[in-house]
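Chain residues, written in single-letter form:
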Amino acid sequence: MESVKSRNNIVVSYLLIGGFTILVMIIFGILMLLSQGGVLDLSPSMFYQFLTIHGTGMVGAAAIASAGIMGYFLSKYVNLSKNVMTLNLILFLIGVVMVIIGVFSFEYAGSWTFLYPLPQLSANAWGIVGALLYLFGMLILGAGFLLFYLDAGRAIMKHYGSLAKGLGWDVISGKKTDDRAPSSTVVASTMVIIVNVTAITAGATVLIMNAIHVINPAFTVDPLLAKNLTYAFGHIFANSIIYMGVIAVYEILQEYTKRPWKINKVFLIAWTMSTVFTLLIYTHHLLMDSVMPAWMLIMGQALSYANGLPVLVVTAYGALMIVYKSGIRWDVGSGLIYVSMFGWVVGVVPAIVDATIVVNQVMHNTKWVPGHFHMYMALGACAMIFGFMYYIAKQDSDIKTTIMDRFAFAGYTLSILGLSGSLLVSGALGTPRRWASHLPEWMAPAVFGGIAGILGMLSVAVFIVHFVRFIRRRKKMVSGNAFDDQQLA
Amino acid sequence: MQLILYGTMLFVLLIIPPVRNAMESVMVVHMLVQMPLLILSGWLMAGECQSRFERFLASWNANGTAGILLVILITIYWMIPRTLDEALVTWYIELFKFVSLPFLVGFPLRNSWKKLASLTKGFIVFNYISMFGLLAWIYIDAPVRVCNSYLEADQKILGWGFLMIMVSLILYMLQYVFMDHSEASS
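Protein sequences, first through last, are from chains S and D. First residue of the first sequence: 1, per the numbering used here; consecutive thereafter. First residue of the second sequence: 1001, per the numbering used here; consecutive thereafter.
I should point out that these hints are in silico values taken from the structure, not numbers from a laboratory. There's no promise every hint is true.
As the list claims (entries may be wrong) - Quick partial rundown of chain D residues pointing at chain S, CB under 8 Å, derived from the structure: (1) 1141; (2) 1143; (3) 1164; (4) 1178.
The C-beta atom is built at its ideal place from N, Cα and C for all residues, glycine as well.
The following block holds chain S by itself, in its conformation from the complex (with noise of 0.2 Å):
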């Protein structure tokens, strides 16, 4: 059995790393969006890569911060592995440093999505070894998360049984009764292990097609299936950080409002159909490929519709009502906790209007997309991670927030609907997404993002330092007391 120390340490590690890359990449972004609207002058070969690592960048880093959330609150549950959650870090680091060396080394620039034929076919723009730096360096990532959720599989199947119990489907068919339900960590965490290893399996095959395919180009693949099988990694890897965010809403607002999250049939059966769904509703990536087999765009865009119900709106329900006549008392967490509610459900509107056939034929390239997913991801996901990181701060040391974390707290959420505002009228007045270069009647709202970004940027800052005075404090605090003694689960 861990301490809460010890396991607070590695927990506070991956938001640490998490929180300031996703501040450095914040600085990418601001970048792009500047050269986009005329402000800055960034060789596009220089923009290309900067779209590579702010994709890659974001979305590893949310997904660890938010592995740091799962990993904390499951502790609480079932017992993990603190080596595989070390080693999962490290795995990370190496992987992280090769992505890096190849994108500013070696040029790599082929974006986040590493789509076939791309990795080779740079028209002399990267070379081999940057492909390969990137391609591999994913490969080992992935191998850190794997890992992970095996690891969180393993503990709750030794814990509850299987899976399926995890998932709640005993309670569901009748065998036991909801106060006997695992906790809400334990169903988001089993749906996520679910998801992600297929992900994670499906990513590294494709990833060794592409490097087998650089290494050799005679070896093809055919483009079809290694777009279904790159977006059966992305889409999900990237769905699932949300899901693993929410397990702090879970957590948190049931110990700020002292309210019990009370787990049904209807909220288990939600989370059962977002496990099928979100395995299925890739194909919404592929909407425009026409030779994709008809039943599956149907499928992408029926369940896509039906993807953005359940588990939201059973979450939004549950977190309205655990908070109304709480007497809740609001800090910087709880309210980044409760606005991040608040990013998802506005943030996938966007999405189900673009996984519409006939929309997402125009629409798909444009940037309405980006405006969809920096709602979603920056209002929603990170705005769960940051807020979890105020709540282990208040936690785990006696640390109070200044009248410049409240500042940061409006400043951050005004910023992220700033620029993903302008990214959704960039999208509607059809500016293509991933162009280096706009034409003039482009660049006003690519200016607005950008400025929008730059408070965004300050106020991830003031995050950041909170959490850095945290960690100072926290070391102080800890070499004079108990706290080591403390044991979980």
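Please arrange chain D on chain S, whose structure you already have, making use of the hints.
Just chain D now, kept in the frame of chain S:
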């Protein structure tokens, strides 16, 4: 003791030239029947033999890591298409196949698997799932004959064979994680 006998009989059967030639004349049988059977023969023989090497195994394969690494390295080697060709035309590679698969894969697999933590087992299985998926693609989609001794049609059949194994492994893992193990563990 009976298992050692079965293992030895299977091994001898696989060595008999007409059986060996018949199996190696069809690519999918060579890769997906002969080789797994060689591993099986080693696995069967390992049963009682392990006790004879108890001290050696305790010092060199205490937690199963060394043994399973050997298994992974040897199986990866035999997944490379040109090794099939070489086994057919070079006598010492053929000899290596008949020695390595039973004694460097089957034997250590039996000794190591039960010693491994469930996490390691899961990681290995998922690695093989993606490796078999990759091999399925290579053999089905390769633009050229990857083995001189076999036709392109043969390698496509082999690719589908790998795909079947991959699907079987996925189904096995699915039933494993969704089956209730709480009674078994208690």
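Cross-check of the supplied hints:
no.	hint	in the structure
1	1141	holds, 6 Å
2	1143	holds, 6 Å
3	1164	violated, 16 Å
4	1178	holds, 5 Å
Checked against the numbered hints given earlier, the structure breaks only hint 3 and satisfies all the rest.
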